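Here the protein sequences come in this chain order: A and B.
At position 92 of the first sequence the residue is numbered 82 (this note's numbering), and the sequence of numbers has no breaks.
So the number in this note's numbering is just where the residue sits in the second sequence, counting from 1, plus 24.
Hints were generated in silico from the structure; no laboratory data involved.
Do not rely on the hints blindly, as some may be mistaken.
Said to hold, decoys possible - Example chain B residues on the side facing chain A (calculated, C-beta under 7 Å, incomplete):
| # | residue |
| --- | --- |
| 1 | G54 |
| 2 | L62 |
| 3 | S247 |
To be verified - What the simulated footprint calls covered on chain A by chain B, stretch by stretch (three residues with Cβ under 8 Å from a Cβ of chain B suffice, anywhere in the stretch; the number is not a length):
| # | stretch |
| --- | --- |
| 4 | 145 to 151 |
| 5 | 189 to 195 |
For clarity, every value in this text was computed on a predicted model and none was experimentally measured.
Note that CB positions come from ideal geometry on N, CA and C, so glycine has one too.
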Amino acid sequence: MNLVIIDYGSGNLRSVENAFKTSINNNNLNFKVYVSNNLNLIKDADYIVLPGVGAYADCKKGLLKIEGLIDTLVEKVIVNCIPFLGICVGMQLMAEQGFEKEKTAGLEWIDGNIEKINYLSKDSLGRNLKIPHMGWNNLNIYNKKHPVLENILNDEQFYFVHSYYLNTLKKDQILADTYYSHKIPAIVGQKNYLGVQFHPEKSSKSGHKLITNWLKWKP
Amino acid sequence: MLSTRVIACLDVHNGRTVKGINFVNLQDAGDPVEQAKLYSDLGADEICFLDISATNDKRKTIYEVISKTADSCFVPLTVGGGVNDIKDFRNLLNCGADKVSINSSAVKNPDLIKQAADKFGNQCVVLAIDAENNDKMNSGYEITTHGGRNKTGIDALLWAQKGVNLGAGEILLTSMSADGTKKGYNLKLTKIISENVSVPVIASGGAGSPKDMVEVVIKSGASAVLAASIFHFGIYSIKSVKDEMEKNGILVRKCQD
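One chain only, chain B, in its complex shape:
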């Protein structure tokens, strides 16, 4: 039977892993190449790199980071951040990324989802959605872009469904209000998106303990759980997360020795 995936996410800034709270106050959290290898050896089912470098110049360092990681890390690797066009997709895939996630650029140009899916396959296109509470929206959530700085007036559920129709093979769903708080995932948001799209939904933002992972899978139906801070700072290991999930009846891939 299919295991529920535990994904370790590395926010990479100018070639270093960082983590902030609600996307600000960045703290250095290590070398992404070493961390990716370590997490994959310790049982992470996938690795996700989010490049949050400030400038295009610095952004090129991500290619080197991905190439080095792909050489030594044999689990799927998703890379996102600053992807604007098909050329960026191709460059990242050539470096060894398996999937590419797009966010702001897809909102600006939804056709990019279709172009990429046609060219590289749906499995390669991850639509990253940063959502925020907004009662004026039918679903109760609005999508934001540029790391939460820009509001769009677009309903999160309608956008997710549109993205899937255009060819996105997976949705990486981040709750902006929960991100970095370690107070648990946004269960309501995850549930409404998860139950209403046909593709897998990765819950992101807010993981503070293995119990949070269990909760978002059981109560909200997430296909996968993603976390950053709790792994980087050694608060919890991948294994402790999987043990807790397994104890609660969620199938997971065993961490190998």
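Isolated chain A (complex conformation):
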């Protein structure tokens, strides 16, 4: 199997690559991992990961800069239906529009827009809620039978760092959410494509579990 982690000038590529390789090795999975923006390689991919850190508008510009990249992603993910995972801003790019810095069109694979977290409240200790939402948080999993989520326990935590979130009315696209000031979609998607707001590559053993599940996923 070929796994391509898309390199479009954004993201902690080395961390993502390391984490996926470790999950592959620890579970004796048969994958070749490429970090690349070469369209021919992407066309041959069996699994695709779109990472992303930084501002939404900048990440979108990064995608657009590589001629033919978005068309190739659409062909692979929407037409050929291969497994896809968007991470953090990579997940947010799947939405309709982003509103960080400037209004930016997304890929429109899922409904909803990327908006600033409303944080004018306090936590249970009376501390002001801070932005970014930074640190380890729980998931509230709606679809425990989903192959990528079936062995994830309720008290496991994942590492989040973001100031914007997916605001959507289409609840059936939300596989899990987390809570920070309000409900925040943590895992979204449908069919063969998923997006995670948190960073599985930085989420220790829980992250490896989720990555391994995704690598074994045959949607």
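Go by the hints and put chain B onto chain A.
This is chain B only, laid out in the frame that chain A set:
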């Protein structure tokens, strides 16, 4: 709900972990790569490397340390010390750092905060502030640079707020008078900064026992607690710190087996 983070900090000098009191009298405390892996396995929520190497030449060893650590450590990794420009940011991120902390160079050139935040995102820029008591300042604290050697005449709170406006995503706040003393965090300093900036504040300097961690979270509102010496010398484990926090109603991430 969001857990309060417990961060293990490694002061790295020429590729080795060291710890002194008030930034002097350095003692060898081990191999940073092994320690980072151990701490992350034992439940540290983040690892922080502070490179205090004396020369630029020796500083390059930190790249190797970070690369090796990033290969085996799957929690967020912050690296600071000797970061002067965007190129340093990029080099550290390419080695596998998730966040970069800046201190003296940001005071000298505040625009570096903005440049880095624009380029790599706010989440990547940690503004490290070393503060010292000074009654002449409105907040009661002055920032110092170069490991506490240089006074700046800049008010710590005004600087923190300026840094956040320029794009810092987090503040790593060290009390110079408390650092390495194991007598507890500076509660007043942490409270005044924490309550008056919109980004998370990491309390640093002075942790001597798990009770100190509880106190700085509950009384001063710190978003995260950082410690070095008490972990290196095996005085307390990450788990004992988290157990004490949990006992006091602070949510923490469970240490996994």
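Now the hints, each set against the structure:
Among the interface hints, the one on G54 of chain B is violated; its C-beta lies about 21 Å from the nearest C-beta in chain A, farther than the 7 Å criterion. This hint is violated: L62 of chain B has a C-beta 13 Å from the nearest C-beta of chain A, more than the 7 Å allowed. For S247 of chain B, the interface hint holds, the least distance from its beta-carbon to any beta-carbon of chain A being 6 Å, beneath 7 Å. Check on the stretch 145 to 151 of chain A: 5 of its residues sit with their Cβ under 8 Å from a Cβ of chain B, so the three-residue criterion for coverage holds.
With 6 residues bearing a CB less than 8 Å from a CB of chain B, the stretch 189 to 195 of chain A meets the requirement of three and the coverage assertion stands.
When each numbered hint is compared with the structure, violations occur for hints 1, 2.
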